[in-house]
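A.B. asks: Here is what each chain is made of, one letter per residue.
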Amino acid sequence: MAKKTVWTDNRFWQRSAAWVTGFAAMLLIWLTFDTSGQIAIGNDADLKNGVTKRVPGPTVINYKITYEMDAKRGHEIPVIGAKEKFFGRDDYSEEEAGKLLHLGKLGSQAKNCMDCHTLLGNGAYYAPDLTKAWLDPAWGPTGSMQAMTGKNTKEEAMAEFLQFPSKYPTHARMMPNLGITAEEAKGLVAFLKHMSSIDTNGFPRNFGKIQGALNGK
Amino acid sequence: MASNHLKWESKQLATWYFTFAAIIFGAQLLFGLVAAIQYVMPGFLFEIVDFSIARILHINALVVWMVFAMIGSVYWLLPDETGIETVGIKIGKLLFWVFAAAIVVVVLVYLLVQVGPADETTIWFITEGREYIEAPRWADIGIVVVVLGFIGNLYATGMKGKPTGIVTVLMADMLAFAGIYLAGMFFTDNITVDQFWWWWVIHLWVEATWEVFVGAIAAYGLIKMIGAHRQVVEMWLWIEVAMLFGSGILGMGHHYFWIGTPEYWWEIGALFSALEPLPLVAMFIHVLYDWGKQQGAAHERGEEGSVITNKPAFTWFVLQAFGNFLGAGVWGFFHTLPQVNLYTHGTQFTSAHGHLAFFGAYATILIGMMYVAIQGSNGIKVLKHTASSVAAVWMITGGVVGMTVSLTIAGYVDVIVTRAQMGATWAGYFDGHSGMWMAQAMDWRLIMGTVTFLGFLFLIKDFLSTGKNAVHTR
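Chains as they are written, first to last, in our numbering: chain A, 1 to 217; chain B, 1 to 474.
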């Protein structure tokens, strides 16, 4: 190097690296504080007062959840509607619902759900995404799963399937038996119902809106 | 791997780490094959080693062998860089055995116990069930202790000896690497909060600290293998650190599009992650430019032949420059914008990107470092290619590229049929996955995965035999 300039000075680049890294890290930390406030789990009072939270409280299991296009935001969002029975009840207290969600979230990890399925789109791609599984028409009154499991409600059909998955194969690729108990299954279904109420900015797009588009069915 | 040619204990310890890493690398490929077979034949090992278990082993083995090879690389280069024996080498050796034993226990529990009841004991002793960092809590704590011990050695050595630019970068980077792991060690009922912090570990590892790590390793390799000028190499390294951390830290936003986090992450994630390929281009140019420069200078001095003192290692280093740019840069950019990611998030497309990126950015250069260690352990001046090392390069690289192409096609099917056409439901998923396009893609992935595994066998054969081969210049 004939002439020494700042551009070939290692100390200049070393300092630049330190400043850039420090600045990016500070910005990330600041945004993390903001985001943490917005994604903190809501509570029962929010639900009763109609306060919208990105992650509603566990007692959201007492309500009907739908996934509807929001004209202002330009994508679908979960809408929490009227009361709806969940395993025969729509009056779970904050504590009871919280316990079910806790059990379900622990169960989702203890059974390695994420290593076949995706949750909020993250995980493995060997089985369907579970983000809005609660809203999947397959489990609804017109879907096949209630008849197949011999149950009359969505939650009971899901719980039955989770306990004895290989008894109800839907495809050659089956879910294995993971030793899920009746109580754990109830928790897992509560976890799935709660997850479907999370505002995921419109992911997945058009969920459950298109039926039979393939091969002119 | 006792060697008379290693005068530094640090380098001996490095060979232990490399040996264990190579074994776990084999396990990674083996369980990858099991999972690939299950895509083609779903009944294979059903309720014995289910897909979830094969995949946990596949991706955890991936992380573990890379971390082992990374620690090995640092122990290898420390005496060269600092000019002194690594401080605390006895502790380093003890920690190696603790780490290796812990990994064996974790793997056996994954394989034999697999799942547990939905309570805290499972999280503590069987699995945490969080992709990539499934390791139970006891192992988390163990890993932190072991890695802190390693970092202690690195800092003590770096401060006592000569702290070169490369060592300074490694010291800062390894501390961040270990610190970030703490973000993945707590339980919460809130899945959005869970995934928010989970990405602090996964993203800030593979798209920030690991990238800086390989930048430092590439710098070391260029100085060692082609005699590149340290001042130039270290200048590049600092520029890369600025670009990698400048784009990578906030590039984390591209994981916060759809997990319940606010919409402003769309813009932040799109902007910064779109910048992420730039440093990879810089790294690519850096390697090829320095190589051409050194070779040209040698020719001008009238020297015949190549300046490269370790052909197989340098081949893998050059493959890293290509692979990092293609796998992490191009395949990552394909689906990083939220408009595209809305449909590609959580599809086989991610899998295609994952395969080429992990291989291109990390596996390549770490294999290269293993060759550097083989050269040093056997006192070889110029390590040359053998039939096996060439076969390994072609078959492993060809296999991974083949898998990536197959999975990219599978990804298109997933994106178009499962997502766009069918709206991502259970039925939509199986419409996408039971079609002929997906089936063919998965057949090819299995074939190409098998090619990769055969290439790995050639690699191991070469690792075990090349040291004694007469072709090398000693």
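Accuracy of the hints is not assured; some may be wrong.
[Unchecked claim] Between beta-carbon pairs, the in silico distance windows are: (1) A:179 - B:434: 25 to 35 Å; (2) A:52 - B:434: 34 to 44 Å; (3) A:84 - B:435: 30 to 40 Å.
Rather than coming from a laboratory, the hints here were simulated on the basis of the structure.
As the structure is a prediction and not an experimental result, all values here were calculated from the model.
C-beta: ideal position from N, C-alpha, C; glycine also.
A.B. asks: Per the hint of 30 to 40 Å, is the separation of the Cβ atoms of residue 84 of chain A and residue 435 of chain B within bounds?
C.D. replies: holds (35 Å)
A.B. asks: Could you tell me whether the CB distance from residue 179 of chain A to residue 434 of chain B stays inside 25 to 35 Å?
C.D. replies: holds (28 Å)
A.B. asks: Assuming the hint says 34 to 44 Å, is it satisfied by the Cβ distance from residue 52 of chain A to residue 434 of chain B or not?
C.D. replies: Check passed, 38 Å falls within 34 to 44 Å.
Every hint, counting from the list given before, is met by this structure.
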